Amino acid sequence: MTKVNTKLDRRSFLRVSALASGGMMLSFSWLAGCKPTPEEELGLPKEWFELNSYIKIGENGAVTLYSPNPEFGSNVKTSMPMILAEELDTDWKNVWVEQADFYPERFDRQFTGGSQGIRQGWTPLRTAGATARAMLVAAAAQSWNVPANEITTSAGILEHKASGKKAHYGEMASLAATLEIPEEVELKDISDFKIIGHSKRNVDGQKIVSGKPLFAIDHKVEGMKYAAIVHPPAFGMRLKSFDKNSVMGMPGIQDVFSINVFKDDYVQNFFDTTTFPEIVAIVGNSTWEVMQAKKNLVAEWEKAPETKFKMAGFGGNSMDVTVPSGLENTSSHKSRMAEFIKNPGTVVRKDGDPEGMFKKAAKVIERTYSAPFLAHNTMEPMNCFADVKGNKAVIYGPTQAPEFIMGTLSSSLGIPRENIQINLARMGGGFGRRAYSHHMVEAALISQKIQAPVKMVYTREDDLSAGVYRPTYSATYRAALDENNNLLALHVKAGGIPESPLHANRFPAGALDHYLAESWDIPSNITIGAFRAPRSNFIAGAEQSFLDELAEEMEKDPIDFRLELLKRAETDPVGTNNDYDPKRYAGVLQLVKEKSNWNQAQSNVHRGVSAYFCHNSYVAEVVDTVIKDNKPVVESVYAAVDCGIVINPDSAANMGEGAIVDGIGNAFFGELAFNNGAPTKTNFDTYRMIRQKEAPKKIEVHFVESTENPTGLGEPLFPPVFAALANSLYKATGKRYYEQPFAPQLEMGNLRM
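Going by the working numbering, the residue at position 232 of the sequence shown is 232; the numbering climbs one at a time, nothing skipped.
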C-alpha cells in the first residue's frame with residue numbers, strides 16, 4: 001500500500017453529504033458536477049441529488065461518476081472512471097459514467113489535449129476512490145463495532161471475516177456520509193489492481209453505434225434558428241462591406257449582419273487564435289437555406305494592414321504579437337525558408353566544439369527535410385449551439401478547452417463568467433483544432449444579436465479555407481565523420497512558418513560530445529495551432545530519417561546505431577538538460593526489434609524503423625512495405641510503447657492504431673498550399689485523405705510492462721511513423737524522401753501512388 005495525503009489538493013475534496021435516499025456523495029474537483037441523466041435511462045435510485053462535482057453511491061451500491069474532460073476519441077471517459085473504480089474497489093458493472101458540463105469554479109484543469117488527461121488525473125482519481133473506500137470501511141467498522149483494519153473490500157462488498165458480517169457499499173453509504181474525510185489514505189499496490197490493466201468497453205460505445213445524440217451537431221431546441229458564416233476569401237484580407245439585400249429575399253433568410261469576435265480592449269490568450277475576427281453571419285430557418293444564401297451574398301473585401309496586439313501568455317506573462325500584411329504564397333514561403341536555411345539561426349544548445357569538429361571532418365553529410373501546412377479535417381464539422389438571453393448564456397458545442405474560451409465569451413458578450421454555462425458535447429474529432437473555440441464565440445454573438453437560440457455550422461470549405469493549421473517546417477541536419485566513419489558531431493538547424501519545430505534537448509542531444517542546435521522562424525498571417533503532437537510531428541520524421549541515412553553511411557544496423565547512441569547517453573551523458581530517459585528510450589527499440597523479428601525479414605519486405613520521445617512517452621515503430629502491382633503498399637506496422645501503466649489495454653492499442661494510420665495518411669498525402677493568401681484545396685475532392693484500402697493490413701501495438709505512472713498516449717505514436725515509412729520506402733524504391741508528402745514523388749518506372 002502507498003499512503004497519500006488527501007489534503008494535497010484541498011479543492012479535490014469539496015464536501016461529503018448524505019443523499020436523500022441514504023447514499024453517500026464524495027465531491028472532488030477533478031470530476032466536476034453536472035446534471036445526471038434521468039434515472040429511467042440509467043436505472044439508478046430515484047433519490048439522487050443534483051450536485052456539482054462528485055462520486056455518488058446509491059443505497060443499492062450503484063456508483064455514478066461524472067467525467068470532466070471533453071471526449072473526442074481518446075477514451076478518457078472510460079479510462080478515468082476505471083482509475084476511480086479501482087481504488088474504490090467497486091464492481092465495474094455498477095459504475096455509471098456521464099459527461100460533466102464545464103464548471104470553472106470547481107476545476108483546476110478541464111482540458112483535453114497534450115496527452116495529459118490520464119497523467120494529470122492519475123493521483124487525484126486514485127486518491128478520491130481510496131478516500132471513499134476508507135470512509136465506507138470506517139462506517140462498517142462503526143456499525144459492526146469491529147476494528148477497521150479487520151474489514152476487507154472487494155467488488156463493492158465490505159466484509160468482516162471473523163464475525164461473518166457482510167454489506168454492499170450502499171448499505172453503509174448513509175453512515176459514511178456523516179464521517180470526517182480522512183487526512184491520509186492508502187492506495188493499492190499495483191500488483192493488486194483488478195480493473196486497471198484490464199480492457200473495458202467504451203462507456204459510450206452503444207450510444208455511438210446506435211446513433212444516440214452525443215454530438216452538438218445533433219442538438220435541437222424549440223424555436224432554434226440556423227446560421228452560416230462568410231469570411232474573407234484569403235489570409236491577409238478583411239471585410240470592407242456587404243450587401244444585406246443580396247440575400248434577404250431568399251427563402252427562409254431572417255437576418256444578415258457582421259460580428260466581431262473580440263472587443264477592442266480584450267487581451268487575447270493563446271487559444272483565442274482565429275483567422276478572421278470580423279465575419280458576416282447569415283441567419284435563417286434551416287441549414288440548407290443559410291448555405292444557399294451564403295453562396296449568393298455580395299461582399300467586398302480589402303487587404304488587411306499589419307496588426308499588433310498583446311497576447312496573454314501562460315503564467316501571467318504577456319507577449320506582443322505582430323500579424324504581417326500581404327497575400328502569401330507557397331512559392332515565396334519556400335524561397336524564404338531556403339534563405340533562412342543558408343543563414344545562421346539562433347543557437348539554442350551547444351555542446352563541445354561542433355564547429356571545430358566539422359572543420360576537421362573527413363566527410364560531412366548534410367540533408368534538408370521539409371513539410372507543408374496541414375489541415376485538421378475533423379470529421380464532424382465545426383459547429384456550436386448557443387442560447388443567449390439577457391444576462392445569461394448557454395453554450396453547447398465541441399471544444400477541447402472550455403476553460404480557455406470562457407474569458408473570451410464573457411468579454412465578447414458582456415456577460416459575467418458565472419452567468420455562462422458551457423455544456424460539453426462529445427467531439428467528432430479534435431486533433432488540436434477544437435482547442436481553438438472561436439466558433440463558440442461566433443455562435444454566441446449571433447444568438448445574442450437575434451435574441452434566439454441558434455445552431456451555427458461550418459462547411460468543410462469554411463474550415464479548410466479559414467482554419468488553424470499545422471505550420472510548414474524545414475530542418476537541415478549535418479553530421480561530421482572522421483576517416484573511419486566515426487561520428488564526430490551533429491548539427492541541426494530547424495525552423496518554420498511561423499514557428500520552429502526544434503526540441504533542442506531531446507535525443508540525440510546528450511549522446512554526442514559535440515552537438516549544435518539552431519532555430520529560426522518566419523512571421524506569417526496564416527493562422528497556425530496545435531496539431532496532433534505539435535512540432536514533434538515534423539521534427540521526429542526529419543531526425544529519424546537522417547539517423548537512418550547516417551547509419552547506412554556508417555555501415556551500421558539502424559536500430560543498433562540508435563542503441564549505441566542511447567547507451568552513451570545513459571552511461572556518460574553530455575549535459576544535464578536532456579529531456580529523455582535513455583534507458584526507457586532504448587527499451588522500446590529493443591522491444592520493437594523483438595516483436596517485429598527485425599533480423600528475420602523476408603526478402604520482398606522492405607523495413608524502416610523510427611523511434612521518438614514526446615509527451616512523456618517513448619515509442620519505436622517498424623514499417624514493412626511491399627511492392628504490389630508496381631506500387632508500394634504498407635503491409636505491417638509494429639509499435640513498441642512505454643507510456644507507464646496502461647489503464648485500458650484495448651483502448652490504448654486502438655489509440656495507437658489510429659495514430660499510425662493518421663500518420664501514414666498525412667505522410668503520403670497531407671498538403672495545403674496557398675496562392676495569394678488563399679488555400680488551393682478546400683474540400684476532400686482535392687485535399688487527399690488516406691483510404692481504408694491504403695491503411696496497413698496489420699498493426700501490432702506492444703506495451704512495455706511498467707510500474708511507472710501513466711504518461712501520454714494520444715499523440716506519441718503519431719510522430720515516429722513518418723520516418724519509419726520514409727525509411728521503409730527508401731528500401732523499397734532506392735530513393736530517399738526529404739519532402740512531404742511522399743505520394744507525388746513515388747515514381748519508379750511506372751510506379752505511382
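No lab work stands behind these hints: they were computed from the structure. Careful, some of the hints might be misleading.
[Unchecked claim] In the PhoX-like style, the derived pairs of lysine-lysine whose C-alpha atoms are separated by at most 20 Å in a straight line are: (1) Lys359 - Lys342; (2) Lys220 - Lys3; (3) Lys567 - Lys593; (4) Lys188 - Lys240; (5) Lys263 - Lys449; (6) Lys240 - Lys295; (7) Lys593 - Lys698; (8) Lys3 - Lys240; (9) Lys225 - Lys166; (10) Lys735 - Lys556; (11) Lys225 - Lys295; (12) Lys392 - Lys225; (13) Lys263 - Lys240; (14) Lys449 - Lys389; (15) Lys628 - Lys567; (16) Lys735 - Lys631; (17) Lys628 - Lys556; (18) Lys697 - Lys731.
[Claimed, not checked] If you anchor each label on the Cβ, the simulated ranges turn out as follows: (19) Ser199 - Val298: 52 to 60 Å; (20) Trp288 - Lys631: 54 to 62 Å; (21) Thr571 - Gly211: 55 to 63 Å; (22) Lys392 - Lys631: 55 to 63 Å.
Here the structure is a predicted model, which is why all the values come from computation and not from measurement. In this text, a Cβ means the ideal position worked out from N, Cα and C, and glycines have one as well.
Okay, the hints, checked on the actual structure:
1. With a C-alpha separation of about 17 Å, the suggested pairing of Lys359 with Lys342 holds against the 20 Å cut-off.
2. Between the alpha carbons of Lys220 and Lys3 the distance comes to roughly 48 Å, so the proposed pair goes past 20 Å and is violated.
3. The straight-line distance between the Cα atoms of Lys567 and Lys593 is roughly 16 Å, inside the 20 Å bound, and the hint therefore holds.
4. A hinted pair counts as satisfied when its Cα atoms are at most 20 Å apart, and Lys188 with Lys240 does not qualify at roughly 64 Å.
5. Between Lys263 and Lys449, the direct Cα distance comes to roughly 15 Å. Compliance with the 20 Å bound is thereby established for this hinted pair.
6. Restraint check for Lys240 and Lys295: the C-alpha separation of about 18 Å stays at or below 20 Å, so the hint holds.
7. Under the criterion of a C-alpha separation no larger than 20 Å, the hint pairing Lys593 with Lys698 is consistent with the structure, at around 17 Å.
8. Of the pairs offered as hints, the one joining Lys3 and Lys240 is violated, with about 64 Å between alpha carbons and a cut-off of 20 Å exceeded.
9. Of the pairs offered as hints, the one joining Lys225 and Lys166 is violated, with about 57 Å between alpha carbons and a cut-off of 20 Å exceeded.
10. Under the criterion of a C-alpha separation no larger than 20 Å, the hint pairing Lys735 with Lys556 is consistent with the structure, at around 19 Å.
11. Only pairs whose Cα atoms come within 20 Å are accepted, and Lys225 paired with Lys295 is accepted, the gap being roughly 19 Å.
12. With a C-alpha separation of about 18 Å, the suggested pairing of Lys392 with Lys225 holds against the 20 Å cut-off.
13. Annotation: proposed proximity of Lys263 to Lys240 holds, straight-line Cα distance about 18 Å (limit 20 Å).
14. Taking the CA atoms of Lys449 and Lys389, the gap is near 10 Å; set against the 20 Å cutoff, the hint holds.
15. Using a Cα cut-off of 20 Å, the hinted pair Lys628 and Lys567 is violated, with the two alpha carbons roughly 39 Å apart.
16. Of the pairs offered as hints, the one joining Lys735 and Lys631 holds, with about 14 Å between alpha carbons and a cut-off of 20 Å not exceeded.
17. The straight-line distance between the Cα atoms of Lys628 and Lys556 is roughly 29 Å, outside the 20 Å bound, and the hint therefore fails.
18. Straight-line distance between C-alpha atoms of Lys697 and Lys731 comes to about 19 Å, which keeps the hinted pair within the 20 Å bound.
19. For Ser199 and Val298, the hinted distance range of 52 to 60 Å is satisfied, since their beta carbons lie about 57 Å from each other.
20. Trp288 and Lys631 have their C-beta atoms about 41 Å apart, which leaves the hinted 54 to 62 Å range violated.
21. At roughly 57 Å, the beta carbons of Thr571 and Gly211 sit within the given window of 55 to 63 Å.
22. Against the hinted window of 55 to 63 Å, the Cβ-Cβ separation of Lys392 and Lys631 comes to about 58 Å, which satisfies the hint.
Checked against the numbered hints listed earlier, the structure breaks hints 2, 4, 8, 9, 15, 17, 20; every other hint is satisfied.
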